[in-house]
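Given next are the chains, with one letter for each unit.
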Amino acid sequence: GAGVSQSPSNKVTEKGKDVELRCDPISGHTALYWYRQSLGQGLEFLIYFQGNSAPDKSGLPSDRFSAERTGGSVSTLTIQRTQQEDSAVYLCASSSGYEQPQHFGDGTRLSIL
Amino acid sequence: RKEVEQDPGPFNVPEGATVAFNCTYSNSASQSFFWYRQDCRKEPKLLMSVYSSGNEDGRFTAQLNRASQYISLLIRDSKLSDSATYLCVVKGGSTLGRLYFGRGTQLTVWP
Numbered sequence: 001g002a003g004v005s006q007s008p009s010n011k012v013t014e015k016g017k018d019v020e021l022r023c024d025p026i027s028g029h030t031a032l033y034w035y036r037q038s039l040g041q042g043l044e045f046l047i048y049f050q051g052n053s054a055p056d057k058s059g060l061p062s063d064r065f066s067a068e069r070t071g072g073s074v075s076t077l078t079i080q081r082t083q084q085e086d087s088a089v090y091l092c093a094s095s096s097g098y099e100q101p102q103h104f105g106d107g108t109r110l111s112i113l
Numbered sequence: 001r002k003e004v005e006q007d008p009g010p011f012n013v014p015e016g017a018t019v020a021f022n023c024t025y026s027n028s029a030s031q032s033f034f035w036y037r038q039d040c041r042k043e044p045k046l047l048m049s050v051y052s053s054g055n056e057d058g059r060f061t062a063q064l065n066r067a068s069q070y071i072s073l074l075i076r077d078s079k080l081s082d083s084a085t086y087l088c089v090v091k092g093g094s095t096l097g098r099l100y101f102g103r104g105t106q107l108t109v110w111p
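First to last, the protein sequences are chains A and B.
Heads up, the first sequence is in the working numbering, so the first residue is 1 and it goes up one at a time.
Heads up, the second sequence is in the working numbering, so the first residue is 1 and it goes up one at a time.
None of these hints come from the bench; they were simulated from the model.
Hints may contain errors.
As the list claims (entries may be wrong) - Below, a list of computed lysine-lysine pairs in the DSS-like style, where the Cα atoms sit at most 27 angstroms apart:
id	chain 1	residue 1	chain 2	residue 2
1	B	K42	A	K57
2	B	K42	B	K2
3	A	K15	B	K42
4	B	K45	A	K57
These numbers were taken from a predicted model, which means no experiment stands behind them.
Given only the sequences and the hints, what does the whole structure look like? Please build it.
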């Protein structure tokens, strides 16, 4: 498909485990964003990649969170030693340029037991 | 102060009503503005961009007042399918172009 693709769509894991979430942006989109959204809450910015620039990591809530974007395309968000408060929907979005809107993937619903 | 502030609602209106949502933003250097729509347990989807001169897309009209740092969305002739959360989104003035999302305004249209 032509949209933003995220995997897995659902992830259930035990507290303390590490998880990796994947985002495949729309082809050609230079900007990639990660957000999370807890039930009934607004979007919380996590990290932003733009081309070859250093990512804006200002939204990462702790050093357990990290993200990479390899080759300017696919991105992986890693959460180490997961905690119950990490349970949320993790959304990825991409855009084609500075003035352009973002297009979101369906999200990964993460549940920490 | 939050970057983007919205009245969370909820707004409950009958079909056919006109409803307006407001949003204010704090960074005067913000350059791009959008309204997104988010259905329950779904991802946000772009509804429309907001231009300085105001713009209309069918039943939806968006307005921007840069002097007051204020954005609005007007929905005319509301449909049941308009029920959703409406997110005000502002692209900040930083060179990295980060987007700031409001918490959203919840709309329910009843028959």
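A quick look at each hint next to the structure:
| no. | hint | in the structure |
| --- | --- | --- |
| 1 | B:K42 <-> A:K57 | holds (25 angstroms) |
| 2 | B:K42 <-> B:K2 | holds (24 angstroms) |
| 3 | A:K15 <-> B:K42 | holds (25 angstroms) |
| 4 | B:K45 <-> A:K57 | holds (24 angstroms) |
Violated hints for the displayed structure: none, as all numbered hints are satisfied.
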